[in-house]
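**Q** Letter by letter, the chains look like this.
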Amino acid sequence: MIQRRELLVATAGGATAALAGCTGDDGGENAEILDETLTLTTTTSTYDTGLLDEVNAAFEKRYGVDVEAVAQGTGAALETGRAGDSDVVMVHARSLEDEFTREGYGVNRRDLMFNDFVVVGPEDDPAGIDGMDEVTEAFQAIADAEATFVSRGDNSGTHAKELAIWDEAGVEPGGEWYRETGSGMGEVLNQATQTPAYTLADRGTYLSQRSELDVSIRVEGPIEGGPELLANPYGIVAVNPGVHEDVNYDLAMSYIGFLTSRRGQGIIEEYTVEGEQLFFPEAVSEEPNFQQYVPEEWTSDEG
Amino acid sequence: MIETVSATATVADGFTPLLVDFPFERNYVESIIRVSLYVSLTAVLISTLVSLPVAMLVGFSEFPGKGFVVALINTGMGFPSVVVGLVVLFAVSNQGPLGTFDLVFTKEAMIISQFVLATPVITGVSLAAVTSVEEGVRDAAYAMGGTRVDVALVTIKEARYGIVTGVLAGLGRAISEVGSVLIVGGNIAGADGTSVTRTLTTAIQLEARQGRFELALILGAVLLALVLLINAIVLRLGGGRV
Chain A
1 MIQRRELLVA TAGGATAALA GCTGDDGGEN AEILDETLTL TTTTSTYDTG LLDEVNAAFE
61 KRYGVDVEAV AQGTGAALET GRAGDSDVVM VHARSLEDEF TREGYGVNRR DLMFNDFVVV
121 GPEDDPAGID GMDEVTEAFQ AIADAEATFV SRGDNSGTHA KELAIWDEAG VEPGGEWYRE
181 TGSGMGEVLN QATQTPAYTL ADRGTYLSQR SELDVSIRVE GPIEGGPELL ANPYGIVAVN
241 PGVHEDVNYD LAMSYIGFLT SRRGQGIIEE YTVEGEQLFF PEAVSEEPNF QQYVPEEWTS
301 DEG
Chain B
1 MIETVSATAT VADGFTPLLV DFPFERNYVE SIIRVSLYVS LTAVLISTLV SLPVAMLVGF
61 SEFPGKGFVV ALINTGMGFP SVVVGLVVLF AVSNQGPLGT FDLVFTKEAM IISQFVLATP
121 VITGVSLAAV TSVEEGVRDA AYAMGGTRVD VALVTIKEAR YGIVTGVLAG LGRAISEVGS
181 VLIVGGNIAG ADGTSVTRTL TTAIQLEARQ GRFELALILG AVLLALVLLI NAIVLRLGGG
241 RV
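If you're matching them up, the sequences are chains A and B in order. Counting from 1, one number per residue, gives the positions in the first sequence under our numbering. Counting from 1, one number per residue, gives the positions in the second sequence under our numbering.
I should point out that these hints are in silico values taken from the structure, not numbers from a laboratory. All C-beta atoms in this analysis are idealised placements derived from N, C-alpha and C, irrespective of residue type, glycine included. Careful, some of the hints might be misleading.
Here are a few chain A residues that sit away from chain B, every Cβ distance over 12 Å (derived from the structure) [to be verified]: (1) Asp48; (2) Val171; (3) Gly186; (4) Glu187; (5) Asp250; (6) Gln277; (7) Gln291; (8) Tyr293.
What follows is a list of derived Cβ distance ranges for each label pair [to be verified]: (9) Leu41(B) / Glu224(A): 49 to 55 Å; (10) Ile233(B) / Gly275(A): 44 to 50 Å; (11) Glu212(A) / Asp192(B): 22 to 28 Å; (12) Phe90(B) / Ala145(A): 42 to 48 Å; (13) Asp125(A) / Leu45(B): 53 to 59 Å; (14) Thr181(A) / Gln95(B): 49 to 55 Å; (15) Glu245(A) / Ser132(B): 51 to 57 Å; (16) Leu45(B) / Val171(A): 52 to 58 Å; (17) Gly153(A) / Ile233(B): 42 to 48 Å; (18) Leu228(B) / Gln291(A): 55 to 61 Å; (19) Leu228(B) / Glu180(A): 55 to 61 Å; (20) Glu297(A) / Ala71(B): 23 to 29 Å; (21) Thr181(A) / Leu45(B): 35 to 41 Å; (22) Val171(A) / Leu228(B): 51 to 57 Å.
Covered, in the sense of this in silico footprint (three residues per stretch, anywhere, with C-beta under 8 Å from a C-beta of chain B), are these stretches of chain A [said to hold, decoys possible]: (23) 49-56; (24) 73-87; (25) 209-219.
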């Protein structure tokens, strides 16, 4: 196994050298990578907040390639990667990302950025959860009051987080007050306004749509001192070229490299909507962070 | 001729005040319209080329199971577009039978799915139109020494208004559906706001998802105006008798 890895490294090194030679001869202008297309599947939250347009424009300018971003929701984005129909996946559900890499579909996962989730609800706050410190208590209160709660119900990262919180709170959600919609974050926030109802939202989407909404934050996430359970970390992972030989792996790694570089992280840091920062970069650090490359709780014993 | 010019001018006038405080980048909307038209018109063109011979064939021949074929065509008019989208996605996906062509998230995949949606509509309506051409007309064409092709052409000429209605219905089905193009096309627009696979319908869906209902409605009005324009052009070409 080790020998094979060394061989791969050697081959990759040779290829890089050869490629470097080529581009050198062409003066860089006819470089092969120009005009290629990178397909990114991602969540609606990165797309709807407008962040992707910002970073992709910078990446396209630097590399002379097109990024085609398909906003799908975490579950579907990973599924598209599994089928080999995308080159790189940017999502926010660590457990699903880990499954993806464990199954061999994804390689070279990196922590990218984070924001947090917030519980939003109507002005009259029928469950009385405003300002609670623990989101599990808030969810229990919503269930006890049978106050209407709109769930994404779409196997997205936000949905996965919501289910984890219900689980943690020891509540089995169901009944008339619990509505699974199977819709994107924006649609669910609209429904929460129209109904009115509580819901769990990522702060980015909530802030970017706040002017259209009548619901406000009832329980804050960790960015504003709320519980750690509401943290919302985004990861980025390339589709394994060993499983799908057609994927554009080198461009995917360039994209991951760009986004996790100081420049890419700077764009994320500076991106604001209505004066508020939506995403907090976390890829550049002096400290080693081995956990980002492997599934959580992975040990070397697993091979 | 003069009428055509003034009609164009009116359309331009109608759009100019809209563009002044139009809440979208011009390039964004124009590229979306281009993609919508390219995908739907191409799909309908191919559909028509396939539908007409099928309608003629089924309409003019008697064979066992003809009733079943007609029922199948009519059922096809009601295919849910989401299901068509899923089936096409499986076909063009990397793992699917057409995987080698790299069609997923492309306009070509969208054309395939709209073709599947529009063909039964055009075939069904054309079939009804050609079968309603009086037998006498066909017999006369034969009697005057026409070949099978001549007879077919005479029949198409007689049934042309019905066929045009079928083509317009197919186009209406294609350009207004959102389910399949969203799945196989991926609703992609470049970072510079140029549409790659974003159509008017998927753009409307995107705005609605983000709660920007006014913007969604404006795009809806653009779609409606576009379909109206196409219908007007086709009606004019057809002599206004449809």
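**Q** Against each hint, give a clear statement of whether it holds in the structure.
**A** Each hint, compared with the structure:
{"no.": "1", "hint": "Asp48", "result": "violated, 5 Å"}
{"no.": "2", "hint": "Val171", "result": "holds, 28 Å"}
{"no.": "3", "hint": "Gly186", "result": "violated, 4 Å"}
{"no.": "4", "hint": "Glu187", "result": "violated, 5 Å"}
{"no.": "5", "hint": "Asp250", "result": "holds, 17 Å"}
{"no.": "6", "hint": "Gln277", "result": "holds, 19 Å"}
{"no.": "7", "hint": "Gln291", "result": "holds, 30 Å"}
{"no.": "8", "hint": "Tyr293", "result": "holds, 25 Å"}
{"no.": "9", "hint": "Leu41(B) / Glu224(A): 49 to 55 Å", "result": "holds, 51 Å"}
{"no.": "10", "hint": "Ile233(B) / Gly275(A): 44 to 50 Å", "result": "holds, 48 Å"}
{"no.": "11", "hint": "Glu212(A) / Asp192(B): 22 to 28 Å", "result": "holds, 25 Å"}
{"no.": "12", "hint": "Phe90(B) / Ala145(A): 42 to 48 Å", "result": "holds, 44 Å"}
{"no.": "13", "hint": "Asp125(A) / Leu45(B): 53 to 59 Å", "result": "holds, 57 Å"}
{"no.": "14", "hint": "Thr181(A) / Gln95(B): 49 to 55 Å", "result": "violated, 30 Å"}
{"no.": "15", "hint": "Glu245(A) / Ser132(B): 51 to 57 Å", "result": "holds, 55 Å"}
{"no.": "16", "hint": "Leu45(B) / Val171(A): 52 to 58 Å", "result": "holds, 56 Å"}
{"no.": "17", "hint": "Gly153(A) / Ile233(B): 42 to 48 Å", "result": "holds, 44 Å"}
{"no.": "18", "hint": "Leu228(B) / Gln291(A): 55 to 61 Å", "result": "holds, 58 Å"}
{"no.": "19", "hint": "Leu228(B) / Glu180(A): 55 to 61 Å", "result": "violated, 38 Å"}
{"no.": "20", "hint": "Glu297(A) / Ala71(B): 23 to 29 Å", "result": "violated, 57 Å"}
{"no.": "21", "hint": "Thr181(A) / Leu45(B): 35 to 41 Å", "result": "holds, 38 Å"}
{"no.": "22", "hint": "Val171(A) / Leu228(B): 51 to 57 Å", "result": "holds, 52 Å"}
{"no.": "23", "hint": "49-56", "result": "holds (count 4)"}
{"no.": "24", "hint": "73-87", "result": "holds (count 3)"}
{"no.": "25", "hint": "209-219", "result": "holds (count 3)"}
Against the hints set out earlier in the document, violations occur for numbers 1, 3, 4, 14, 19 and 20.
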